[in-house]
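Engineer: In the order they appear, the protein sequences are chains A and B.
Residue 518 in our numbering sits at position 156 of the first sequence, and the numbers go up by one each step.
Residue 201 in our numbering sits at position 110 of the second sequence, and the numbers go up by one each step.
Think of the hints as simulated: they come from the structure by calculation, not from any bench.
Be a bit skeptical, because a hint or two may be false.
Stated by the list, open to error - List of simulated lysine-lysine pairs, BS3-like, C-alpha gap at most 30 Å:
hint	chain 1	residue 1	chain 2	residue 2
1	A	K441	B	K103
2	B	K103	A	K498
3	B	K374	A	K435
4	A	K469	B	K100
5	B	K445	A	K427
6	A	K473	B	K374
As the list claims (entries may be wrong) - Negatives, chain B to chain A, calculated, CB over 12 Å:
hint	residue
7	S150
8	S317
9	V318
Computed from a prediction, not measured in an experiment: that's the story for all the values here.
The beta carbon of each residue, even a glycine, is placed where N, CA and C say it ideally should be.
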Amino acid sequence: MSVLTMDGIYKTFGSGHTLVTALTDVNLSVNAGEFISIIGPSGSGKSTFLTIAGGLQSPSRGTIKIDNLNLTKLNDRQKNDVRFNNIGFVLQSSNLIPFLTVADQFKLVEKLSHQSLQQRSEALLKSLDIWDLKDKYPKELSGGERQRVAIARALCHNPNLILADEPTASLDSDHAYEVVKILATEAHKNKKAIIMVTHDERMTKWSDRVYRIRDGHFASA
Amino acid sequence: MFLAIKEMKYAKLRYFLIIGIMLLVSYVVFMLSGLANGLATGHKQAITDWDASTIVLSSDSNKIANASMMTRSDLTRIQAKRKAAVGLLSTSSRLSGHSGKTNVSIFGAQENSFVVPSLIEGHKYSNDHEVIISANLKNDGYSLGDKIKLGNDPHAFKIVGISKSTTYSIQPVIYLNLNAYASLKGTSGELTTAQQPISLVAVKGQSPEATKITTHKSDAKLSKLSVNEFITNLPGYSAEKLTLNTMIYFLFVIVAAVLGIFLYVMTMQKISLFGVLKAQGIKNSYLIQSVVGQSLIVSVIGVVLAFILSVLTSLVLPAAMPFTVNTSEWLLYGAVLIIVSMIGALFSIHSIIKVDPINAIGGE
Ligand SMILES: Nc1ncnc2c1ncn2[C@@H]1O[C@H](COP(=O)(O)OP(=O)(O)OP(=O)(O)O)[C@@H](O)[C@H]1O
Ligand SMILES: [Mg+2]
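Please construct the entire structure, taking both the sequences and the accompanying hints into account.
Structural biologist: Encoded structure:
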């Protein structure tokens, strides 16, 4: 079952002789249980791809569907709701709130989504081996611990799609491998669709599929 | 509110400081309000005690009590059931045999007229050498039966009655009869009773419009005004009130600015965090609510503490200090302080809305 479908996506910036084509005819379908990597050099269009997939900006052409919701037809408010309910983000530098303890990061999501996430977040923290850190603030954690918490945070409200933007960039290679393995396990065991953007070749070996992006063109590797 | 409160707990020191600033400014506002009311009361108390409705002054006084000059014969020109001729004088007083002087406001009035206050001790004056003093003169050692000297009048006056504490022109008050008043003015010898000077006529229970004045050709022109208008024109009254109230209004603006700037700086420091939160689908309204909520918490705590501190201060202020607690005015000013603090938070709303969540991805 396809969680994310991108059809004929183009993205251009500017016009005339300042025209930049950041994405050219991107077609991609990611199913539940799939972990895919997108790799490309700087300026190739990785961030542009991720922001469009996450509904943070609209493509110039083409359609995106998340959980069968046609993103291109939604207004900003509705896209906001899709991001909150259907997508989990794992960002390069951690997306944690500095003045909340690990446990409170989950409590915030719980309050905003009006559902009890207690059991789920407890299970997540335990499976990611960060249960002991639940009363600590982000600045008291190591980079690897912080990314594991960020992954738990992205997963806690049970979205079908996880978008990870260079989640290993700030980590040493041991911790980086560990984080990627966690993502792969999540996809395979819990049937999530996970897209990871990276520029590090070594991080792609646990992926089901790897795409290369160059000057906005997608190619499967 | 969850986010707002958690952040305040995390960055305790910062928020303590801003609550401290809020407390100090609110405290100054309450103190100024107390002083403004105290000074206003100090100027007018003795006049309000009369419970009069209309005051008649000489027209060339330009509504200023101290400049008004009338004679006792003018009393008959004013048609009213309850009217009182009053002489006004500001001078110094000392106990016979002592050299320490106290500035006092002298009111000359016949002992049976309604302006003479009721007494808490002694009896009313019955001759030209007896006086009633207000109880606040007791602080200067005055008591029933003492002899006092007023201005440079050669006579000694005996204190026969004491009324409750009151002031006029922020000075304690002495009442005596119109003969004694004329003598203090240095005019008693050569004048008939009808020619004796007075300053004004107070009328009770009758509006200025209803009060008729007969004026013959040779008569000096008289003007009538309401007691409120008379009080507004008391020397210093309006100017002091305006000065202190203007300071209070400036403080309202300062509170909005200080809190606004503080919250704005805090917001600017959190711009990238707001970007991340918005990317995760957290709504603008929740983030705005957090900032406005923090402003509300800070200002409510600051104002409540300032209120308590002000009440405590008013209890220990020396009696001589003109200070009047007007609780309903304090509540009003407290509410205004809280509202302007929330307005201060509005500066930040624009920056929160402007944050583009797109920056959360791929950017630092
Ligand atoms: N808002 C924009 N306006 C104009 N051009 C843009 C904009 N955003 C991206 N671009 C251009 O689109 C291209 C792709 O940019 P993008 O940020 O997606 O690259 P990237 O693969 O994420 O690079 P990096 O690895 O350095 O983050 C670049 O040429 C960039 O200059
Ligand atoms: Mg990028």
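Engineer: Taking the hints in turn, state whether each one holds.
Structural biologist: Verification of the hints:
1. K441(A) - K103(B): With a Cα-Cα distance of about 36 Å, the restraint between K441(A) and K103(B) is violated, given a limit of 30 Å.
2. K103(B) - K498(A): Measuring from Cα to Cα gives roughly 17 Å; hence the hint holds.
3. K374(B) - K435(A): holds, 20 Å
4. K469(A) - K100(B): OK: K469(A) and K100(B) at ~16 Å, within 30 Å.
5. K445(B) - K427(A): holds, 27 Å
6. K473(A) - K374(B): holds, 13 Å
7. S150: holds, 71 Å
8. S317: holds, 60 Å
9. V318: holds, 59 Å
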